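Engineer: With these hints in hand, go ahead and build the complete structure from the sequences.
In order, the protein sequence lines correspond to chains D and B. Our numbering puts the first residue of the first sequence at 673, with every later residue one more than the last. Our numbering puts the first residue of the second sequence at 70, with every later residue one more than the last.
Calculated directly from the structure, the hints in this document are not laboratory data.
Derived pair list, reagent style DSS-like, types lysine-lysine, alpha-carbon separation capped at 27 Å:
| id | chain 1 | residue 1 | chain 2 | residue 2 |
| --- | --- | --- | --- | --- |
| 1 | B | Lys111 | D | Lys674 |
| 2 | D | Lys739 | B | Lys111 |
| 3 | B | Lys111 | D | Lys728 |
| 4 | B | Lys126 | B | Lys147 |
| 5 | D | Lys674 | D | Lys780 |
| 6 | B | Lys111 | D | Lys714 |
| 7 | D | Lys714 | B | Lys126 |
| 8 | D | Lys728 | D | Lys780 |
Now the stretches of chain B that chain D is said to cover, found in silico as 3 or more residues with beta-carbon under 8 Å:
| id | stretch |
| --- | --- |
| 9 | 108-114 |
| 10 | 121-131 |
| 11 | 175-183 |
On a predicted model such as this, the values are computed, not experimentally measured, just so you know. Ideal Cβ placement from N, Cα and C applies to all residues, glycine included.
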Amino acid sequence: QKEVEQDPGPLSVPEGAIVSLNCTYSNSAFQYFMWYRQYSRKGPELLMYTYSSGNKEDGRFTAQVDKSSKYISLFIRDSQPSDSATYLCAMRLAGTYKYIFGTGTRLKVLA
Amino acid sequence: EPEVTQTPSHQVTQMGQEVILRCVPISNHLYFYWYRQILGQKVEFLVSFYNNEISEKSEIFDDQFSVERPDGSNFTLKIRSTKLEDSAMYFCASSLRQGADNEQFFGPGTRLTVL
Chain D
673 QKEVEQDPGP LSVPEGAIVS LNCTYSNSAF QYFMWYRQYS RKGPELLMYT YSSGNKEDGR
733 FTAQVDKSSK YISLFIRDSQ PSDSATYLCA MRLAGTYKYI FGTGTRLKVL A
Chain B
70 EPEVTQTPSH QVTQMGQEVI LRCVPISNHL YFYWYRQILG QKVEFLVSFY NNEISEKSEI
130 FDDQFSVERP DGSNFTLKIR STKLEDSAMY FCASSLRQGA DNEQFFGPGT RLTVL
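Structural biologist: And the structure:
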């Protein structure tokens, strides 16, 4: 079983739709959960950083962590064509520095 | 807004040659990282660096790799004898803190092509 699993997509949605992106993980010791956006041939851009279970909201983005199910989600409201990118989840164990990334989900928002 | 910068954006080298990839982290950050992303694959951790020492490294980061902070602003990754399989995007990242606030900010990457 992979440490972090993410559906590669592509996921195509119409402009204005609510997008749900998800990751599952196998190691229950992960404590920090991140979402990055990566445009083609660019570096990952940090969107959300969360610790422990619960929700965190920032503008159109909401990150949700369910540690009991080992499942994290990123919701994008009112999606825009500019949101078209690959979305990477990443996780970290307490006491370590390394982020462990999922493979990324490609999102296409159609105008 | 402060950002991590990397040079060059693209490096082409012959197998067996040494390459140095350069990064300028965000100026007040204290922790520095290198990751790589082979085309079509996930981003993978290589090494973290703090207080002029490697604090953590992955199994990918073998004796062919080294990191250095030669001055107060640059952070470099050296690959001593490049192999074909070293071809990848290399991302530098930095963070202000460890612990609960370890938000890592990534640079735009250097594309390394080994021929």
